[in-house]
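Engineer: Let's have the full structure, built from the sequences with the hints guiding it.
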Amino acid sequence: MSRMLWAEKYAPRKVSEIVENRKAAERVAEFISNWRPDQKPRALLLWGPAGVGKTASVYAAAKELEYDLVEVNASDKRSLDEIRKTVGTASSLSSLIMGRKRVILVDEVDGISGSEDKGGISGLVEILKNTVHPVILVANDPWDPKLASVREYCELVRFNRIRSNVISSILARICEREGVQADPAALRGIAENARGDLRAAINDLQMVAEGRERITMDDLRILSLRDQERNVFDILKAIFYGKDAQKIVMAASSSDVDYELLMQWICENAWQHMQYPKELADAYNALSRADVFLGRIRKRQHWGLLSYVFTLMSAGVSLSRKTSGGGVPKYQFPSWVKMMSAAKARRNAIGSIASKIGKKCHVSSREAFTSYLPYIKFIIEANPEAGANLVKLFDIEPEVVGGLISKEVAEKVKKILS
Amino acid sequence: MASEETLMWTEKYRPRTLNDIVNQAEIVSRLRTFVEKKDMPHCLFSGPPGTGKTTAALCLAHDLFGEYFQGNFLELNASDARGIDVIRGVVKDFARTMPLGEVPFKILVLDEADALTQEAQQALRRTMERFTRTCRFILIVNYSSKIIEPIQSRCALFRFSPLSREDVAKRLLYIAGRESVELDDSGIEAILYVSEGDLRRAVNTLQAAAAIGGPITADSVFMVTGKARPEEVREMIGLALKGDFVKARKMLHDLLVTYGLSGIDVVRQIHRELFNLDIPEGWKAQLADIVGEIDFRMSEGADEEIQLSALLAKFAYVGSQIGG
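Sequence order for the protein chains is A and B. For the first sequence, the working numbering begins at 1 and goes up steadily by one. For the second sequence, the working numbering begins at 1001 and goes up steadily by one.
Hints are not guaranteed to be accurate.
As the list claims (entries may be wrong) - Ranges between beta-carbon positions, derived for each pair: (1) A/Leu5 x B/Asp1289: 45 to 53 Å; (2) B/Arg1126 x A/Ile416: 45 to 53 Å; (3) A/Ala50 x B/Gln1118: 34 to 42 Å; (4) B/Phe1296 x A/Ile416: 39 to 47 Å; (5) B/Glu1231 x A/Tyr276: 26 to 34 Å; (6) A/Lys414 x B/Phe1296: 54 to 62 Å.
No lab work stands behind these hints: they were computed from the structure. All values reported here derive from a predicted model rather than from experimental measurement. Ideal Cβ placement from N, Cα and C applies to all residues, glycine included.
Structural biologist: As structure tokens, this is what we get:
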């Protein structure tokens, strides 16, 4: 599968491809093509929730009208300064590509920090005053007081949330193009979960579809995990940057993230904060002790032990670091959880084979898994003739045979059995 | 086509009657008196895997019940049955009806009874008492110490000793002869080495090696166990000791998911590999202590992935101590 983000791959190329917020997109195109240096209002301010096509409509319009797009993020002060210095001089900007016109897109305008960065706002106003190119600003919340002076120069264009039936029909088209089979119910589920955010829906679709040829409702479980991600990042930061043990424990125990999942997050990411092998060993030792207490709770239903779990998994892990931590690492979703959810179907199938073996050979399925399955696997591979009988005896389904052993052997076994 | 029963050699060559059991002589003679008197107490069979506990229970029941075996015998696995309530329900249904034939009780075998929690064992004890007139229990465990005192004191205890190398070798040669498979000395040695006294594993290894075709030698045996025990374990420890925790942990995930090893498989294999590591001898026992602790925790129900990650982190630390 291509690594390209589907949200980019399937972004609209023409204004007419934009389904929802069409009027707003058309206004963007009209504004760009009719723009004159002396006009008022000087700029457009596109506003609305994330992932509804604000930036996409600027891209589509620029492409269609054959403008070059200069995009800058408002919080990137250095780039904004560059633009400010050059925006008033038409020649310098168009010197490289003659004849092509430019449109300037300033994204995340509400991300400009008002207090520390007053220069940001006044720089932006300066751009709006002097520009000889159409400028389009994008923001989620245009009513932020710090944007008052910016608003004076702008016409506001509102983008709305995208209805979920529109989202699911777009998802269906993407699935078709990618050759992914999808239950309509699953697509509706993804669409509704995205709450009007088309980009999030497409990203979710791509994540769910990864490694699958077919998507069903069952596969959506990982999405609910993803929903909590932002929340988890904050908790992880509180845990790993805290200095006060009690506060660290509070951060872990008062969160609404499931604590077993949180343990997996910590397990996946703790190493990034540990500088020395001793710290690494101590951190994971604390986590493993938390897990031991969790095991005792499960076994004996001693819920009173839960507070030790929280203390060890948070403060125990975090305070294993004796040196001061560096920058904020990039937290990763627990790879183990991802692998387990992908391998779950296969595990279930293998589990049911193990239980059949167990019944016929007088052992538990766990024992069958370790003391029979590897040998049976080997027999099937080494000698498909003899193996075919075992496949039959233990009702090993053809699909699972494929998962257990190589494709060629699975084919051979199928032939022998038919 | 061969009949079902004979496909797996462990089943094909499982003794059917107490007279066929060649080892555990003392236990067998005590069980024979049960058959003669047509009476028996509740029993607790303990011993390492593959030493004949389940077989002895099956033979005893066959000898006692003869043609009435089917209706009078039930085998349950505690680690498969979901909770004591399920077990209690099944036992109730089984023990409620009168036994067929002239033996006045039925036999219920509860395998891997050490998988039950203390509370579940208390409940089991009450169930055993309630149905004791119509049903005798045989509890099978690896360690009798994991069974609570009140149950132990109500059971006749049978300790199955590990099979001697000679006994295992004899059995392997017998089976090889019946199957017309050539088995040379190096093959026997290799099977004895990898099966560690577990006859079940030994016979499975024999059958898998025979599937290759040709005589069974050390090479064919290690081909079988090579598949069952991937090289990656060694590589993973190497990475951890070198301090590459992230890569080592990735390999761990591969072993657990792609190779489908259990966490216990992984630690046991790590333990064996310790002796092949190029580190000062003194550290090996210390590492074994860490490995054993993790093994214990996992067999008590701890999370494989977290425990093994902690193990790798510890190895990374030990590696840094050795290196510097």
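Engineer: Between A/Lys414 and B/Phe1296, is the Cβ distance one that fits in 54 to 62 Å?
Structural biologist: violated (43 Å)
Engineer: Indicate whether the distance between the beta carbons of B/Arg1126 and A/Ile416 respects the range 45 to 53 Å.
Structural biologist: holds (52 Å)
Engineer: Taking the beta carbons of A/Ala50 and B/Gln1118, is their distance inside 34 to 42 Å?
Structural biologist: violated (53 Å)
Engineer: Look at the Cβ atoms of A/Leu5 and B/Asp1289 and judge whether their distance stays inside 45 to 53 Å.
Structural biologist: holds (48 Å)
Engineer: Does the Cβ pair B/Glu1231, A/Tyr276 satisfy 26 to 34 Å?
Structural biologist: holds (30 Å)
Engineer: Range hint 39 to 47 Å: satisfied by the CB atoms of B/Phe1296 and A/Ile416?
Structural biologist: holds (44 Å)
Of the numbered hints given earlier, the model fails hints 3 and 6; all others are met.
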